[in-house]
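Given chain A, work out where chains B, C and D should sit, using these hints.
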Amino acid sequence: MDAELMQMLALKVTYALVMVSVVMSIAGYTVLAERKVCAWMQGRVGPNRTVLPFISAIPFIGPFLRNLGLFQPLADGLKFLFKEEIVPGHVNKFYYYLSPIVALVPALTTMTVLPFGEFTNAEGFTTPLVLANVDLGILFIFAISSLGVYGIVLGGWSSNSKYPFLGGIRSSAQMISYELAMGLSVLPVFLWVNAPGMTGSGLSLASIVNSQEGTAWLVLVQPFSAFLFLVALFAETNRLPFDMPESETDLVGGFHTEYGSFKFGIFFVAEYAHVVIGSAIFTTLFLGGWHFLPWVADPWAPGWIGSLLGVGWFLAKTFCLIFFFIWVRWTLPRFRYDQVMKLGWAKLLPLALVNLIFYMILVTYLDQASAS
Amino acid sequence: MDTIGVQDFLVVAVLLFSVGFLGVVLRRNLLLVLMSLELMLNAINVALVAFSRHSANMDGSLFVFFIMTVAAAEVTVGLALLVALYKKRQSVFSEHMTLLKN
Amino acid sequence: MIKTVVMERKPLSLSERTYLPQIASGLKTTFSNLFKKKVTLQYPEQRPSIPRGYRGVPTLVKDPNGREKCVSCQLCEFVCPPKAIRITPGHIPEDDEERSHVEKAPEEFEIDMLRCIYCGYCEEVCPEEAIFLQENYSLSGYSREELVNDKEKLYEMGGTLPDKHFKWDKKKTDEEQGNAH
Amino acid sequence: MNLSLVDFLFYVFATISVGGGLAVILSRNPVTAAMFMILSLVGVASLFVLLEAFFLAVLQVLVYAGAVMVLFLFIIMLMDVGPESGKGTALSKKRLLSGFVAVLGVGFLTVLTLEYSGVAADSGANWQDVSEETRVEGANVVFSKSVKSFGYGLFTKYMLPLQVAGFLLLAAMVGVIVLSKKKKGESNDEDTEDSSLESSVPQPEEA
Numbered sequence: 001m002d003a004e005l006m007q008m009l010a011l012k013v014t015y016a017l018v019m020v021s022v023v024m025s026i027a028g029y030t031v032l033a034e035r036k037v038c039a040w041m042q043g044r045v046g047p048n049r050t051v052l053p054f055i056s057a058i059p060f061i062g063p064f065l066r067n068l069g070l071f072q073p074l075a076d077g078l079k080f081l082f083k084e085e086i087v088p089g090h091v092n093k094f095y096y097y098l099s100p101i102v103a104l105v106p107a108l109t110t111m112t113v114l115p116f117g118e119f120t121n122a123e124g125f126t127t128p129l130v131l132a133n134v135d136l137g138i139l140f141i142f143a144i145s146s147l148g149v150y151g152i153v154l155g156g157w158s159s160n161s162k163y164p165f166l167g168g169i170r171s172s173a174q175m176i177s178y179e180l181a182m183g184l185s186v187l188p189v190f191l192w193v194n195a196p197g198m199t200g201s202g203l204s205l206a207s208i209v210n211s212q213e214g215t216a217w218l219v220l221v222q223p224f225s226a227f228l229f230l231v232a233l234f235a236e237t238n239r240l241p242f243d244m245p246e247s248e249t250d251l252v253g254g255f256h257t258e259y260g261s262f263k264f265g266i267f268f269v270a271e272y273a274h275v276v277i278g279s280a281i282f283t284t285l286f287l288g289g290w291h292f293l294p295w296v297a298d299p300w301a302p303g304w305i306g307s308l309l310g311v312g313w314f315l316a317k318t319f320c321l322i323f324f325f326i327w328v329r330w331t332l333p334r335f336r337y338d339q340v341m342k343l344g345w346a347k348l349l350p351l352a353l354v355n356l357i358f359y360m361i362l363v364t365y366l367d368q369a370s371a372s
Numbered sequence: 373m374d375t376i377g378v379q380d381f382l383v384v385a386v387l388l389f390s391v392g393f394l395g396v397v398l399r400r401n402l403l404l405v406l407m408s409l410e411l412m413l414n415a416i417n418v419a420l421v422a423f424s425r426h427s428a429n430m431d432g433s434l435f436v437f438f439i440m441t442v443a444a445a446e447v448t449v450g451l452a453l454l455v456a457l458y459k460k461r462q463s464v465f466s467e468h469m470t471l472l473k474n
Numbered sequence: 475m476i477k478t479v480v481m482e483r484k485p486l487s488l489s490e491r492t493y494l495p496q497i498a499s500g501l502k503t504t505f506s507n508l509f510k511k512k513v514t515l516q517y518p519e520q521r522p523s524i525p526r527g528y529r530g531v532p533t534l535v536k537d538p539n540g541r542e543k544c545v546s547c548q549l550c551e552f553v554c555p556p557k558a559i560r561i562t563p564g565h566i567p568e569d570d571e572e573r574s575h576v577e578k579a580p581e582e583f584e585i586d587m588l589r590c591i592y593c594g595y596c597e598e599v600c601p602e603e604a605i606f607l608q609e610n611y612s613l614s615g616y617s618r619e620e621l622v623n624d625k626e627k628l629y630e631m632g633g634t635l636p637d638k639h640f641k642w643d644k645k646k647t648d649e650e651q652g653n654a655h
Numbered sequence: 656m657n658l659s660l661v662d663f664l665f666y667v668f669a670t671i672s673v674g675g676g677l678a679v680i681l682s683r684n685p686v687t688a689a690m691f692m693i694l695s696l697v698g699v700a701s702l703f704v705l706l707e708a709f710f711l712a713v714l715q716v717l718v719y720a721g722a723v724m725v726l727f728l729f730i731i732m733l734m735d736v737g738p739e740s741g742k743g744t745a746l747s748k749k750r751l752l753s754g755f756v757a758v759l760g761v762g763f764l765t766v767l768t769l770e771y772s773g774v775a776a777d778s779g780a781n782w783q784d785v786s787e788e789t790r791v792e793g794a795n796v797v798f799s800k801s802v803k804s805f806g807y808g809l810f811t812k813y814m815l816p817l818q819v820a821g822f823l824l825l826a827a828m829v830g831v832i833v834l835s836k837k838k839k840g841e842s843n844d845e846d847t848e849d850s851s852l853e854s855s856v857p858q859p860e861e862a
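Chains as they are written, first to last, in my numbering: chain A, 1 to 372; chain B, 373 to 474; chain C, 475 to 655; chain D, 656 to 862.
Okay, chain A solo, but in the shape it has when bound (with noise of 0.2 Å):
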């Protein structure tokens, strides 16, 4: 192996490991928010006790810090890694080792193609910011963010009894369900940007989020397949309404009843990971990405600046939805499981082939009427 493929190699891991100390650190903080926003919600005040020592002692700003909360995940994850680990002997030990893990990777691993901002050097020439831009985005995001049910279905398996059990089975079908219904809610949107005339090229996420600079984002344009697509995210990250496997009224914790300490943590950051990513999808095909407003062009100018502006407002557009998510969680009662169910199948699919049909005619009719 040649050294530039050497050095290519170094400096995609490293940005690699950038990125997911910056998804992991997103997804603590998002734990943060959920117990922030869900206690100002119920009229409490949330968590404001944790301190350090150096920072909560400035004046003004330390306690402010302190009062968000600011330093709560942090004693949380310690609080994770030094707790008893507790293996119950009933467990099937490779999976339950196993799962966790298998939970994670995908979340995480669905970054990889998610651009998160854009670069215009000084001879004008762009580039996404990406860690690989592959040509397939949207389906490779689909494909691995499939596999992110193995860890539940396993941890429910391994654990060896029944309430995880359940919630392994119930996840299972759940997943398998509103999968259909998420792929055919983003058909309209690259049926429409791929569309003769428009911009877009392929399956690229990139090139969706450049299709929708200065004009209408693409939520105005499909709100309904946006619609679809945000249920079907809701049901794919387990998020209440929609979060059969854990529904801790109805099977005590879920799928991770049996499980402790840091390997309970792990699956309690991948499904904030998951929430995370869902919401930057949402973002970079329906809100613009990181581009300014609807019928806006972006007010900075292009170059680093310009970029990090463009990437700060890609974040900004993903932690409102992120808080949309929470604010759902803490409105909604959960569903149950046959309602689960029929509401996939019997309203979800068909609504989305429909939506699906309405766009394909529509697209054809535009494309003969510019025609003749």
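Source of the hints: derived by calculation from the structure; they are not laboratory data.
There's no promise every hint is true.
Stated by the list, open to error - Listed below are several chain C residues computed to face chain A (Cβ distance under 8 Å; list not exhaustive):
1. Lys510
2. Val513
3. Gly540
As the list claims (entries may be wrong) - A few chain A residues facing chain C, derived, Cβ under 8 Å:
4. Gly43
5. Val45
6. Phe82
7. Cys320
8. Phe323
9. Thr331
These numbers come from a predicted model, not from an experiment.
For each residue, glycine too, the CB sits at the ideal point set by N, CA and C.
Same frame as chain A, now just chains B, C and D:
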């Protein structure tokens, strides 16, 4: 610089195919027989894509597409049959499916 | 006679069947709650105000002269539903100037706080008004033994309460004046 | 031996796919078998990547690992198939014999293929570079990385097979629903019905 050619992929395909075939012949658990069938189909896929790449022609790859479709249909029907059978006989082992014997 | 009226339930309209307006209004409710004043008490710094008649940890009290009030009649021990109280009665030595008029005082007085149910019967039954359930509500320890309050601890927690009746003083003066009952 | 990266990766992925396949047919526990099956499928997908058929690789993971194997796992768990008992797994002579014959036949096939297919002398070095764009030469679509080639091929040369595949999926779906439909007075759990509805992996729409 690459020395891997079609024949290497073909060897992999043949190995995978024979493994799948052995599974179909030797295993008694019908679920595993179905899985072995999938292995055989996958072996064919590898061979087809290798040929397609070798001859710079999409036909092989397109056939892989159809094979996947057929495989998905086959698995679902197979599993549904298995479930129906399991409800009747409480077993998924081939030696218990002896209704037509003698 | 009461007439039962059967209410007709209207079928859901289309918008109601999608549940979306309801979800939206629910979201509105939760969002408006985000900015409302928080009702939580910041516990260790802010303490809840204890209402009168609160039944906290049972304690033994002394009278304003600093004398032990309990005469170890053991009524509380008998009345205690979970049998949390255990008293070993002891004599008061004759030469105790202050208290020689009383026969007994507890040698040991233990309340097992793991058993206590805070019912307040002991306080109610005590003829000497020596045991009180006071305001202390948070009790913790690292071992079971630690949570058995002995006499010393009970008096330490109880302190001295103003005595309305000064029973002992009255008794003493009565005795001195020679009209003992 | 000086291996290039691609060669090295080929051997790794080939080992994964074939070894995973072997583990599938050797493992007693169906869940373990399913897990190795996923491993093998991912190995095959990686081989597709080496052959620069990225779309097929992703499809392989999406369809097989993401849907088919989840279904397998679901059924295994639903029926609660335990590991095969140790006694029963002893292979009968008949089975061993048929296995032996199978291996012989496959070996024969291999030799025949490699000898007479005319590709034995081929190596990756004289493969053509894969283009990014869709090109058509005569009736054939040239192999390329782009997804468009797939769409183009499917909707021109293979239009009829595509329709047939769609009908096949529809037939499979109807068949499965009929198979797992509750008969009157027959009680069974609801889960089977839900699972069996999963028959059309989103193929016809993607095409």
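Q) Can you give the numbers of the hints that this structure goes against, from lowest to highest? A) Going through the list in order, the structure violates hints 3, 6, 7 and 8 and respects the others.
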